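Chains as they are written, first to last, in our numbering: chain A, 1 to 284; chain B, 1 to 102.
A couple of the hints might just be wrong.
Quick list of in silico lysine-lysine cross-link-like pairs, DSBU-like style, CA-CA up to 30 Å [unchecked claim]:
| id | chain 1 | residue 1 | chain 2 | residue 2 |
| --- | --- | --- | --- | --- |
| 1 | B | 102 | B | 64 |
| 2 | A | 71 | B | 10 |
| 3 | A | 210 | A | 131 |
| 4 | A | 71 | B | 40 |
| 5 | A | 77 | B | 40 |
| 6 | B | 61 | A | 113 |
| 7 | A | 117 | B | 40 |
| 8 | B | 100 | B | 15 |
| 9 | B | 10 | A | 50 |
| 10 | A | 268 | A | 256 |
| 11 | A | 157 | A | 277 |
| 12 | A | 131 | A | 113 |
| 13 | A | 71 | B | 65 |
| 14 | A | 77 | B | 100 |
| 15 | A | 252 | A | 276 |
| 16 | A | 212 | A | 247 |
| 17 | B | 102 | A | 77 |
| 18 | A | 45 | A | 71 |
| 19 | A | 256 | A | 243 |
| 20 | A | 45 | A | 117 |
| 21 | A | 228 | A | 212 |
| 22 | A | 182 | A | 117 |
| 23 | B | 64 | A | 77 |
| 24 | A | 113 | A | 130 |
| 25 | B | 64 | A | 71 |
| 26 | B | 100 | B | 61 |
| 27 | A | 157 | A | 131 |
| 28 | A | 71 | B | 100 |
| 29 | A | 269 | A | 131 |
If we take Cβ atoms under 10 Å as the criterion, some of the chain B residues that face chain A in the derived model are [said to hold, decoys possible]:
| id | residue |
| --- | --- |
| 30 | 8 |
| 31 | 12 |
| 32 | 48 |
| 33 | 51 |
| 34 | 52 |
| 35 | 55 |
| 36 | 56 |
| 37 | 60 |
| 38 | 69 |
| 39 | 70 |
| 40 | 74 |
Read the hints as simulated data drawn from the structure, not as lab findings. As the structure is a prediction and not an experimental result, all values here were calculated from the model. Glycine included, C-beta positions come from ideal geometry on N, C-alpha and C.
Here are the chains, one letter per residue:
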Amino acid sequence: MIISVASGKGGTGKTTAAVGLALSLDNTQLLDCDVEEPNAHIFLKPEIEKSFKAGIPVPVVDRDRCSLCGKCASVCKYNAIAVLPNSAAGSGKVLVFPQLCHGCGACSMFCPKQAIKEVDRPIGNIETGKKNGLLFAHGRLDVGEAMSPPLIRQVKKLADTSRTVIIDAPPGTSCPVIATVKGSDLCLLVTEPTPFGMNDLALAVEAMHKLKIPVGVIINRCDMGNDKVETYCKNRNIPVLMKIPFKKEIAKAYSKGSPIIEPLPQYKKEFRSLLKKIGALTRK
Amino acid sequence: MIICVSAQDKDPGAKVDPRFGRCSYFMFFDTETGEFEAVKNPNLSANSGAGPQSAQLVSSKGAKKVLTGNVGPNALGTLTAAGIEVLSGISGTVKEAIEKNK
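Modelling step: build the complete structure from the supplied sequences, incorporating the hints.
Structure follows, in structure tokens:
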């Protein structure tokens, strides 16, 4: 089973919930897909065993084979190739803009002369490791790279579905989040009972509905703010699976980079019952 | 020679569009025949890469000079590779721009 942990709003407690859940269950794997700012390892403190470069395939054009037909440029959805039959030198030119390339492979697939081969352009690192019996992996996007989904997809390829896979997602509702949650059996949406939490929860719920991924809500800092999140969930039939109070011990543990179950081991039970509720929802 | 001007509309009296890659129209002027041709920019709302695509279009029309307000680095690289002279910082109407920079 794959459970992703997402939120519309940032800072609601995704990583707190994802790490708490991962540490409370047996036979789990935690994938941190927030590759622009991975931070689950701060709570988890895993032993990193392997580190490797991850890249996206970008086109390289063999000018001896190329007939300058322009097919590659016309099929590129991202406009990463320009074909110039009347160039300065007179022989024509093909320009590739690797930063615009999403690595979809359409150019090489459609080239009638097989003049395009794809070469990996590194965009980040993937690190894998362990914490006791728990498997861990995260991606780290290189500084200056604009596109995280290709790296996110590669981190997700490491998912070992013989285990309970928990994926920590980036915040928001844009491409990196979509790339992260796709294929999940359920998405836990972590929110807080404030107007900001409410606003962004509604956006995230809409996105998950479009993707046809079942959702469950965790309300963090549940004893502050207003009851609009609960009313919203009730009206929409969205299950609230867990509530975490605004407690000094939790904030203290967070400030030291400790997972919630360290000062409050009773949360292990809460997270285990969360998994049971998730199991019931996904079997529907 | 064919001169291309980024324009906000499709007639010679239109204002020069300050953007190259995402201008509304490309106005092509043939200095030999004195004729204008307006081409609607298909890259106006491209998600990415509007500059290189617009440069490719301008090159395919055989233009040798571009007059525009501002040109981005990818578009400039493509135009230069295509052997097209680029004059930026141009304003006023399309007609005026051509008169001054023929």
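Residue 256 of chain A and residue 243 of chain A: Cα distance at most 30 Å? holds (22 Å)
Given the hint that residue 10 of chain B pairs with residue 50 of chain A, does the C-alpha gap stay at or below 30 Å? violated (59 Å)
Holds or violated: is the Cβ of residue 51 of chain B closer than 10 Å to a Cβ in chain A? holds (8 Å)
Supplied contact hint for residue 74 of chain B, tested at 10 Å Cβ to chain A: holds (6 Å)
Closest C-beta approach of residue 56 of chain B to chain A relative to 10 Å, hint status: holds (4 Å)
30 Å limit on alpha-carbon distance, applied to hinted pair residue 252 of chain A and residue 276 of chain A: holds (28 Å)
Quick check on residue 60 of chain B please, does its C-beta sit within 10 Å of some C-beta on chain A? holds (7 Å)
30 Å limit on alpha-carbon distance, applied to hinted pair residue 100 of chain B and residue 15 of chain B: Roughly 14 Å separates the two Cα atoms, so the pair holds.
Measure nothing beyond the straight line between the CA atoms of residue 71 of chain A and residue 65 of chain B; if it is 30 Å or shorter, mark the hint as holding. holds (26 Å)
Residue 228 of chain A paired with residue 212 of chain A [C-alpha distance capped at 30 Å]: holds (24 Å)
Quick one, are residue 113 of chain A and residue 130 of chain A close enough, alpha carbons at most 30 Å? violated (47 Å)
Does the nearest C-beta of chain A fall within a distance shorter than 10 Å of the C-beta of residue 48 of chain B? holds (5 Å)
The structure fails to meet hints 3, 7, 9, 12, 14, 16, 17, 18, 20, 24, 28, 30, 31, 38, 39 from the earlier list, while all remaining hints are met.
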